[in-house]
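Trainee: All chains, full assembly: derive it from the sequences and hints.
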Amino acid sequence: MRGQSHDMVQLLTPDGERLEHDEFAFTGTTDDLVGFLRDMILARRFDAEATALQRHGELGLWTPLLGQEAAQVGSARAVREGDVVFPSYREHAVAMVLGVPLTNLLGLFRGSNGGDWEKLETFKNYQIVIGCQTLHATGYAMGLQFDGAVGNDDDADNSAVIVYHGDGAASQGDVNEAYVFAASYNAPVVFFCQNNQWAISEPIALQSRIPLFQRAQGFGFPGVQVDGNDVLAVKAVTDWAMQRARAGEGPSFIEAFTYRMGAHTTSDDPTKYRRAAEDEAWKGRDPVARLTTYLRNEGAIDDAWLAAIDDEGKALGADARASIPQLEDTTMDKLFATVYAEPTVALEAQRREYAEYAASFEENA
Amino acid sequence: MSETLTMAKALNRGLRRALQADPKVLLAGEDIGKLGGVFRITEGLQAEFGENRVIDSPLAESGIIGTAVGLCMRGYRPVVEIQFDGFVFPGFSQIVTQVAKLHMRTAGQNPMPMVIRIPFGGGIGAVEHHSESPEAYFAHTPGLKVVSCSNANDAYWMIQQAIQSDDPVVFLEPKRRYHVKDTVNFSARPAPMHQANIARYGTDATLLCYGPMVKTCLDAAAVAGEEGTSLEVVDLRTLSPIDWVTITSSVRRTKRAIVVHEAPLTLGLGSEVAARLAQDLFYVMEAPVLRVAGYDMPYPPARVEEEYLPSVDRILDAVDRSLAY
Ligand SMILES: Cc1ncc(C[n+]2csc(CCOP(=O)(O)OP(=O)(O)O)c2C)c(N)n1
Chain V
1 MRGQSHDMVQ LLTPDGERLE HDEFAFTGTT DDLVGFLRDM ILARRFDAEA
51 TALQRHGELG LWTPLLGQEA AQVGSARAVR EGDVVFPSYR EHAVAMVLGV
101 PLTNLLGLFR GSNGGDWEKL ETFKNYQIVI GCQTLHATGY AMGLQFDGAV
151 GNDDDADNSA VIVYHGDGAA SQGDVNEAYV FAASYNAPVV FFCQNNQWAI
201 SEPIALQSRI PLFQRAQGFG FPGVQVDGND VLAVKAVTDW AMQRARAGEG
251 PSFIEAFTYR MGAHTTSDDP TKYRRAAEDE AWKGRDPVAR LTTYLRNEGA
301 IDDAWLAAID DEGKALGADA RASIPQLEDT TMDKLFATVY AEPTVALEAQ
351 RREYAEYAAS FEENA
Chain E
1 MSETLTMAKA LNRGLRRALQ ADPKVLLAGE DIGKLGGVFR ITEGLQAEFG
51 ENRVIDSPLA ESGIIGTAVG LCMRGYRPVV EIQFDGFVFP GFSQIVTQVA
101 KLHMRTAGQN PMPMVIRIPF GGGIGAVEHH SESPEAYFAH TPGLKVVSCS
151 NANDAYWMIQ QAIQSDDPVV FLEPKRRYHV KDTVNFSARP APMHQANIAR
201 YGTDATLLCY GPMVKTCLDA AAVAGEEGTS LEVVDLRTLS PIDWVTITSS
251 VRRTKRAIVV HEAPLTLGLG SEVAARLAQD LFYVMEAPVL RVAGYDMPYP
301 PARVEEEYLP SVDRILDAVD RSLAY
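If you read the sequences in order, they're chains V and E. Under our numbering, the first residue of the first sequence is numbered 1, with each subsequent residue one higher. Under our numbering, the first residue of the second sequence is numbered 1, with each subsequent residue one higher.
Hints may be right or wrong, so weigh each one.
Sample of chain E residues at the chain V side, in silico, Cβ under 8 Å [what the hints assert, rightly or not]:
| no. | residue |
| --- | --- |
| 1 | 124 |
| 2 | 279 |
| 3 | 283 |
Interface residues of chain E toward chain V, partial, derived using beta-carbon atoms under 10 Å [what the hints assert, rightly or not]:
| no. | residue |
| --- | --- |
| 4 | 72 |
| 5 | 94 |
| 6 | 98 |
| 7 | 110 |
| 8 | 321 |
For the record, the hints were derived by calculation from the structure and aren't laboratory data. C-beta: ideal position from N, C-alpha, C; glycine also.
Mentor: Printed below as a string of structure tokens:
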């Protein structure tokens with residue numbers, strides 16, 4: 001594959017074979033891996049459900065994650081209490097692993113609200129303006145450092161930030177500025193780039209002439225390319241990067257080499273810009289299939305387990321569907337009340353004007 | 001407890017007080033540490049408070065503002081310095097797409113108690129991009145508050161009020177007035193930041209202005225006074241939200257209004273003020289609201305800036321036109 005380095009870290013082959021690596025090892029148990037597989041299957045299921053909800057007109061848009069389950073689950077499982085996540089707009093599996101209610105995601109894409117997550121302290125808002133969040137993450141990481149939450153002898157006192165961005169985002173000024181700030185201040189931030197090969201219709205070749213992970217060196221911190229469809233490798237590499245950050249050793253960059261198997265969003269038509277052969281080639285690297293093969297061969301899961309997860313997925317889908325009518329739309333009053341922390345007379349006047357206007361309909365009804 | 005200080009020194013004192021008062025206050029910007037900023041507004045502060053409180057930033061405006069967003073999320077109150085007005089634009093996206101919106105998007109969970117200090121306006125003979133008046137871009141953006149000081153006392157107090165505010169404040173410093181001295185009263189309770197100030201009382205017409213134009217308007221009022229015309233000068237101080245109470249009560253009395261600003265005429269602050277006065281005081285005013293502003297051109301080369309900037313004469317011409325109705 002173009003852009004795939006000989007140094008790409010892989011611990012589980014597409015055929016489900018375990019590999020050894022000199023620097024990175026998966027330290028979890030087989031039970032952990034069963035848990036990861038469950039996360040990935042349920043994330044895939046939820047994603048399919050949300051896509052269908054968009055088709056039914058229940059969501060304005062959806063950003064499918066199909067194909068990126070391992071990159072997201074593996075990295076999210078390296079996040080621990082005290083760490084903070086700055087997502088882009090496709091990190092549904094990360095949200096799921098961190099316990100953000102999935103209805104929060106649906107509410108955002110439905111347009112019920114602007115994204116006031118329930119766990120905003122640990123999982124920040126989705127970001128639509130490409131790359132902006134990399135600076136927020138870096139600033140937050142600087143704050144962690146000022147607060148003395150990095151490099152303490154007692155590791156439990158240490159925290160780090162992980163920020164997600166895409167391959168297209170790597171072209172943005174903000175992202176490059178974030179790399180500079182992170183390096184200059186040695187901020188405890190991990191840049192987790194999901195190189196899914198495409199920025200809407202633009203291939204990675206248009207964004208970078210060299211593999212993205214090699215850029216990190218130019219900014220003065222380590223960059224690692226990992227097989228983004230290998231959850232073991234992603235977990236191992238992210239553990240390493242987060243631990244470095246927490247220990248005060250500064251930023252690092254992870255290029256998760258993966259593939260967006262579906263459309264960019266529900267408005268997109270990938271057949272216009274990429275060949276079916278490419279999709280086929282990547283299907284052979286499916287993150288869910290390879291872990292399933294491995295765990296089956298290990299005897300850790302069987303048909304009954306898979307059937308049970310399938311049932312769980314169906315229930316999750318039903319819950320997602322059932323949650324739609326329960327989603328409460330924000331109100332003009334709430335919006336008026338939250339434009340500013342300290343209210344203004346001028347806006348209060350507009351709120352009253354709106355309220356009177358709205359009330360006039362009720363009287364007529 | 002008062003002292004005569006330049007506006008630059010008054011800002012420095014205000015920042016110092018804010019740093020002392022709250023350990024969560026941080027300053028960040030290009031050259032603000034050892035150098036004390038290109039206008040020396042932060043002089044001596046890094047030596048006193050250390051490199052983690054007064055932070056020299058890499059040369060990247062979006063980076064400065066974007067990292068300040070993250071610092072706000074972490075509970076800090078960053079005060080960032082943009083070196084010159086014309087260089088805020090690389091950071092403009094962060095200001096309008098992030099700083100202004102995060103409070104509402106998060107239903108109030110992520111306040112942005114950030115101050116963005118911008119030395120603004122012309123009249124110092126600078127090269128291009130060093131003399132601009134971008135206030136309307138910010139005042140047009142819901143979620144931001146925008147203020148401008150015009151004298152040392154306000155500079156001292158308003159910068160502290162802006163830092164204490166839980167909302168993001170774009171703080172415009174009229175750079176050509178940095179070295180104007182004034183009495184700073186350290187003990188008297190200041191007016192609220194979002195309140196206009198009647199800088200001079202008069203009866204025949206009201207000049208509405210802010211920042212660098214307040215002194216020009218006061219000069220114009222002094223000349224007019226010698227000629228027997230009594231002009232009231234209202235220093236808006238706050239551009240978003242605008243203090244309509246003070247403005248309309250003044251114009252209700254004088255029945256004539258002239259808005260004066262350096263920024264280009266079309267869709268400038270004056271447009272909003274004129275529209276609002278026409279709406280609220282249509283039957284009271286004796287003349288339409290007039291505007292004296294910069295022309296609708298990019299800021300001109302320094303050797304002709306005097307032609308471009310509102311001057312005492314242009315203001316007095318407008319006063320004559322208003323009185324002729
Ligand atoms: C500043 C900005 N420009 C353009 C867009 C429109 N847009 C949305 S997603 C996208 C592609 C992003 O690609 P990439 O960073 O690779 O992320 P991916 O969607 O593949 O995860 C574009 C151009 C945007 N949201 N923000």
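Trainee: Of the numbered hints stated earlier in the document, which are not met by this structure?
Mentor: Violated hints: 1, 2, 3 and 8; rest satisfied.
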